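*Asks:* Residue numbers (the working numbering), protein chains in the order written: chain A, 1 to 555; chain B, 1 to 77.
None of these hints come from the bench; they were simulated from the model.
Every value quoted in this text rests on a predicted model; they were computed, and no experiment measured them.
Certain hints may be false.
What the hints assert, rightly or not - If you want the ones that stay clear, here's a sample from chain B, every Cβ over 12 Å from chain A, calculated:
hint, residue
1, P20
2, G29
3, K53
4, Q67
5, E70
6, I71
Stated by the list, open to error - If you anchor each label on the Cβ, the simulated ranges turn out as follows:
hint, chain 1, residue 1, chain 2, residue 2, range
7, A, F179, B, P15, 41 to 49 Å
8, B, E47, A, D323, 48 to 56 Å
9, A, F179, B, D12, 44 to 52 Å
10, A, S145, B, P15, 28 to 36 Å
11, B, K8, A, Q392, 30 to 38 Å
12, B, I71, A, L144, 25 to 33 Å
13, B, K27, A, F30, 48 to 56 Å
14, B, L28, A, G395, 53 to 61 Å
15, A, V100, B, P15, 28 to 36 Å
16, A, H20, B, K76, 48 to 56 Å
For every residue, glycine included, the Cβ atom is placed at its ideal position computed from N, Cα and C.
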Amino acid sequence: MKKIRISSSSLIVSSSNFWHRFSDEYELDFSEYGNWSGALLSEEMNLVDILVIFSSDLNANMNKDSDSSALFFKLLEGKLCKAKSEVVVAFSSWQPDSLVRRSKYDNSNKEFHYWMNTKLNILATKYPLLYKIDLDYELSIEGLSQSFDSRNWYFAHCHLSHSGLRTLSDSIYSLVTSFTKPTSKVLILDCDNTLWGGVIGEDGISGIQLGQDGVGKMFSDFQIAVKRLSKEGVLLALCSKNEEFDVWKVFDEHESTVLSRNDIIISKINWSDKSKNIKAISKELSLDLNSFVFFDDNPVEREKVRKILPMVNTVEPPENILDWPKFLQNLDCFAKSKLIEDDKNKIDQYRKKAKFVEDSSSSNNEMEYLKSIKLKPRFTNINESNLMRAMQLIGKTNQFNLRTVRHSQSTLFDMINVNNDSVFLMSLVDAYGDHGLIGLAAIKDISSRIVYIDSLLISCRVLGRYIEYELLNEIIRRAKDYGYKYLVSQCLPTERNTPAQDFQKGSPFTKMERIDLNLTSRERKDLYNYFLENESIYAIELTNYQEKFKEIFNE
Amino acid sequence: MSNKQLLKIMEDTFPTANIPENWMESKLGSPKEWDSLGHFTFLMSIEEYYKIKFSIDQMSEVTTIKQIMEIIDNSKK
């Protein structure tokens, strides 16, 4: 029996009415609540660790720089370096909050949630054994207000209600059971009343329901859901009691069919027993029956297949057929994380790399690590094809945004018209993949010798790689090309741009007073058109500038 | 009838406890497995089964099987 340890930041009720589903296959062990660090530090490796984290337990103020959030991620990464079994982090940050307040900005718990999610995504890419459950999403399906219970919180330090605890248990169950079940590879479909409404042999091609408003539309959507699975690599097979000629007519000729003959890998359209046909399909594809999913509207056929071929996953479609497309989309059996599938043999490589990260406590090693992930930043001017992305970055970037100037297309074009090189985008490729366009910078001149940073922003999902310095390097290369002598800059602090504020204060920037710029009164006046008087202004002298962190960036 | 179900919930909640013949005399602290955490778990299970909801005051005041039975009976009226 596989062991599961559940550790949580506050009480999770362990009574069997919530957890009975596990009892046949798993041994559940609930750690004393609040002691998530114990689980993360534990040397016991042969169990699945589930960490249930409520952000407000980590820190009441949803501050991501808090010690406990930092500690959590530090211990988590330490654990992952050594983990031999899956580690699941289920996390929730929801708290009720005024709609009006949220109409301008996300509240701090939502931001914190987003931050947790991003952080876990990065770790989950690096460590194949890490999985996350976004509890706020799962709980929202039943309703968040239904899922939390303030009585349970004040009486026993348990955030969740009966319904919330059930959702938690179900989510963990679905995920944990997917670890051991093989991914389903084949979807076997009936035809009449499954891929279309009615019976093709009796109703004829114009009589079946497919594409029309109402149920016909549902069958189209069902076919769309099937098609989507096939695009993800699921093999489609037909198993129908019909005349072959009739069935293919729908695929070839019906104007609303989504699936075509080519989508079907194999078909058994005849009058013999379905279990016999399914066995034949398994043989012909040489795929194991336990990777088969069987979908049939007819309960008698389902029951027969279940009896004769219990290893086939015969799914029970919802009673209300209108729910079928959603049902198919929600099936977990096809949805196993692709990363794990493709990278099973890479787990060891990942582990070595992870070990390396763990060992690199000094900044020297951090540089080695950054070198090893082969950062390749690229720069491109604004053009039609990337304009939308540029606007998106300008509109959405909050954390690493030096001045948070929300340019409109026209103010952006004004700058480009003055100098085409003054606004540009940065893209990034590294060992983790192609991140696309993730940064933007814009510079404007004060005078012929002084230029200032109008915008400098980087999408938060790629932070931690020092690429902000390469963006600055590029600004300076461009400024030098145009003959400027000094770069000046000022960060406009917002509640959320702490990373940009820190960047502004650090090297290579120096406070403007310390550099003798010999500002003319005209220059000074122009400068304060853009800069605040009560915030520090920083400057870089361009002629002697040494490019920062050049060694970690690759051409 | 309802008594038997309550006994079953009690046995499920405190699987290691030695529940005596006169289990209807049980209360918070006796058996010892019925501790404060066990109390909450027990009441949650009772809520789930009988489809009732204790107020936060009831949760701290109701500490004996007899009191629990009274609330269950009242909820049926």
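*Asks:* All the hints need checking, so say for each whether the structure fits it.
*Replies:* Going through the hints against the structure:
1. P20: For P20 of chain B, whose nearest Cβ neighbour in chain A is about 21 Å away, the distance exceeds 12 Å, so it holds.
2. G29: Non-interface label stands for G29 of chain B: nearest chain A Cβ at 17 Å, farther than 12 Å.
3. K53: violated (8 Å)
4. Q67: Label holds. Min Cβ-Cβ 16 Å, cutoff 12 Å.
5. E70: holds (20 Å)
6. I71: It holds; I71 of chain B is separated from chain A by about 15 Å at its closest Cβ, greater than 12 Å.
7. A:F179 / B:P15: 41 to 49 Å: Distance hint for F179 of chain A, P15 of chain B is violated at roughly 27 Å.
8. B:E47 / A:D323: 48 to 56 Å: Given a distance of about 30 Å, which is not inside 48 to 56 Å, the answer is violated.
9. A:F179 / B:D12: 44 to 52 Å: At 28 Å between Cβs, range violated.
10. A:S145 / B:P15: 28 to 36 Å: Between S145 of chain A and P15 of chain B, where Cβ atoms are some 33 Å apart, the hint holds.
11. B:K8 / A:Q392: 30 to 38 Å: Given a distance of about 58 Å, which is not inside 30 to 38 Å, the answer is violated.
12. B:I71 / A:L144: 25 to 33 Å: holds (29 Å)
13. B:K27 / A:F30: 48 to 56 Å: Cβ of K27 of chain B to Cβ of F30 of chain A: about 24 Å, so the range 48 to 56 Å is violated.
14. B:L28 / A:G395: 53 to 61 Å: Taking Cβ atoms as reference, L28 of chain B and G395 of chain A lie about 57 Å apart, which means the hint holds.
15. A:V100 / B:P15: 28 to 36 Å: At 50 Å between Cβs, range violated.
16. A:H20 / B:K76: 48 to 56 Å: violated (26 Å)
The structure is inconsistent with the numbered hints 3, 7, 8, 9, 11, 13, 15 and 16, although it conforms to all the rest.
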